Amino acid sequence: MFRRLVRRITDPRELPDSWADRCLWAVLGLGLVLRLRAYLSADSLWLDEVFLATSFQDPTLADLLRRPLEYGHILPGGFLAMTWLSVQLLGCQDLALKLFPFLCGALSLPMFLAVARAYLPQPAVLWAVVLFSLSSPLIAFSGEFKQYTTDVAVGLGILWITARLEGNEGKPRWLAAYVLAGVVAVWFSMPAIFLLAGAGLYWLASRLRLALASRTEEGERGNGCWRGTAGLGLVGLVWAANWLFVFLVVMGGGPQETPPGPWAVEFWRLEGAFMPSPFTTQGALWLIEAVQHLFDHAAGLRPAWLAAGLFLLGCWAAPGRERTLLVLLSPILLCAAASHFERYPFFGNSPSTGRVLLFLVPGLLMMIAAGLSRLPGGNAPAATALRLLVILVLVGIPHVRPWQPRQEIKPCLSRLQQSWRPGDRIYVYHWAEPAFRYYAGRYGLPSQGKLIHPLARYPFVKEIDARRQALGLHPVPVEQATVIWGVSEHFSYGRRDLDLLDGRGRVWFLFTHCANTDVWVRYLDTLGQQREACEFPGASLFLYDL
1 MFRRLVRRIT DPRELPDSWA DRCLWAVLGL GLVLRLRAYL SADSLWLDEV
51 FLATSFQDPT LADLLRRPLE YGHILPGGFL AMTWLSVQLL GCQDLALKLF
101 PFLCGALSLP MFLAVARAYL PQPAVLWAVV LFSLSSPLIA FSGEFKQYTT
151 DVAVGLGILW ITARLEGNEG KPRWLAAYVL AGVVAVWFSM PAIFLLAGAG
201 LYWLASRLRL ALASRTEEGE RGNGCWRGTA GLGLVGLVWA ANWLFVFLVV
251 MGGGPQETPP GPWAVEFWRL EGAFMPSPFT TQGALWLIEA VQHLFDHAAG
301 LRPAWLAAGL FLLGCWAAPG RERTLLVLLS PILLCAAASH FERYPFFGNS
351 PSTGRVLLFL VPGLLMMIAA GLSRLPGGNA PAATALRLLV ILVLVGIPHV
401 RPWQPRQEIK PCLSRLQQSW RPGDRIYVYH WAEPAFRYYA GRYGLPSQGK
451 LIHPLARYPF VKEIDARRQA LGLHPVPVEQ ATVIWGVSEH FSYGRRDLDL
501 LDGRGRVWFL FTHCANTDVW VRYLDTLGQQ REACEFPGAS LFLYDL
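Residues in the sequence shown are numbered consecutively from 1, following this note's numbering.
Think of the hints as simulated: they come from the structure by calculation, not from any bench. Be careful, since some hints might not be right.
Stated by the list, open to error - Listed below are the simulated SDA-like cross-link pairs for lysine to any residue, each with C-alpha atoms no more than 20 Å apart in a straight line:
#, residue 1, residue 2
1, Lys462, Trp420
2, Lys450, Asp424
3, Lys410, Ala533
4, Lys410, Trp420
Stated by the list, open to error - What follows is a list of derived Cβ distance ranges for each label pair:
#, residue 1, residue 2, range
5, Glu535, Leu306, 33 to 43 Å
6, Glu342, Leu244, 36 to 46 Å
7, Leu244, Pro381, 52 to 62 Å
8, Leu244, Asp518, 46 to 56 Å
9, Ala533, Trp305, 36 to 46 Å
10, Asp63, Val393, 44 to 54 Å
11, Trp420, Leu388, 51 to 61 Å
These numbers come from a predicted model, not from an experiment. Just so it is clear, CB atoms sit at the ideal spot from N, CA and C, and this is done for glycine as well.
Could you put the whole structure together from the sequences, leaning on the hints where they help?
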């Protein structure tokens, strides 16, 4: 019975329309449930999310589109517009902000099935769908207020229409649809340009070859080849012009020269995200680390060496190798080349940095699935069981040891609301400012804070100080401040705030995104008596009588 089931799943000749489709949709259903669970999570938004969320509390759509967000971040206009619409319909709450990323994550499931069927042989489709449905990064970002699932959905749309255009290159209706898809894509996804460029490389290579082969031919066939080539060339020109307009005019040409733009580049430089010369020892070592990062952090597959081996096997055995390799894999090379010129990050030392490469994950998973389908044993039950075991190992370890940061500020604010007394003050640690500003009003707490010490001077101005400088914030006497913004993330400078608070009675101290809270607490213990303390994942609240 097991043998028949395996054959029905993996062999298109064995009732594919019933058993195989049922299994495929069951796996997709499981993937949807996992993404819905991530979306409905009651976790607080973490720092990178609230950097964006504060800009949606009372904006107009024009304000969102014509300038960087409050903390200097730049997002695609389509993503901003859809999020703004969600907020108008549902209010500025976590689920409203995360709605569009979730919808993109959910929509990507059937889209991936369609793309896998277009690029892979039938036996590999099921393995690809299993990998995609259970991928921990794809699940996690379906429940986060970030644009990365949008990158995936847009990328899948590009891959799908590129495959459908095969054989229809000379038809105006299909060319018009292709133009429209490419134009819309870059309004919703910044890295979509890499996938569009990969598709362009494929069409350039294939159409030039066909056109040259038919140049001596006479009649409709030869003319049709040249018409198709000219039409695709026009598509590429429209795409390029649209992307240049979006990048240079709408998005200002990337990171700005004004803060925090230089810090964004320096951050990725410190993460090792930019490729050195590949012809040096340093460059060779970087490439090895980058490959591990791509499979581990971006695709969420461990061990990375196993995923890389299956990927190489899939590349070697890929059907329609020219189209598959150019369309699916050339974006990886283009992205790495862009990183060499510090135009796009490709590698990072921390797991969360893999998110910027999430749009490459569908292509990686399809090649790994192609490699799995080429393992010895064919459709034998033992071979199929081995493939399932390999998949469970690859996707299971990241689920056991998830990397997602948690910064549970909401229970801290709930406790603060319950215990707050007239005359209390609250000191908000430097990196906790955006989350406090976003959530404070929901708990009846004042959300407008003040500085009590001049800003520190650092070589690079980060997001929070950039906003404070833009607002022209200046320090005020402690007596005038109920909510006090922490002047620095570093204790060596931030302790000056604490010294000014000495002798001020009841003061609450709120920390999130702080790696050394214990250092701050030990110093506070020398200034006064701790009255209350509550700690949650990634966040903590203390009451001191100073």
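Holds or violated: Lys450 to Asp424, with C-alpha atoms at most 20 Å apart: Within the cut-off at roughly 15 Å; holds.
Given the hint of 33 to 43 Å, check if Glu535 and Leu306 actually sit that far apart at their C-beta atoms. holds (38 Å)
Distance restraint hint 51 to 61 Å, applied to the beta-carbon atoms of Trp420 and Leu388: This hint holds: roughly 54 Å between Cβ atoms.
Regarding Glu342 and Leu244, is the given constraint of 36 to 46 Å on their beta-carbon distance met? violated (19 Å)
CB of Ala533 to CB of Trp305, is that within 36 to 46 Å? With Cβ atoms ~44 Å apart, the hint holds.
Quick check on a hinted range of 52 to 62 Å for Leu244 and Pro381, using CB atoms only. holds (55 Å)
Whether the CB-CB distance between Asp63 and Val393 falls inside 44 to 54 Å: For Asp63 and Val393 the Cβ distance comes to about 48 Å; the hint holds.
Would the hint linking Lys410 and Ala533 be met if the CA-CA limit is 20 Å? holds (15 Å)
Lying within 46 to 56 Å: is that true of the beta-carbon distance Leu244 to Asp518? Given range 46 to 56 Å: holds, Cβ gap about 50 Å.
Compare the distance between the alpha carbons of Lys410 and Trp420 with 20 Å, and conclude whether the hinted pair is satisfied. holds (15 Å)
Holds or violated: are the alpha carbons of Lys462 and Trp420 at most 20 Å from each other? violated (31 Å)
When each numbered hint is compared with the structure, violations occur for hints 1, 6.
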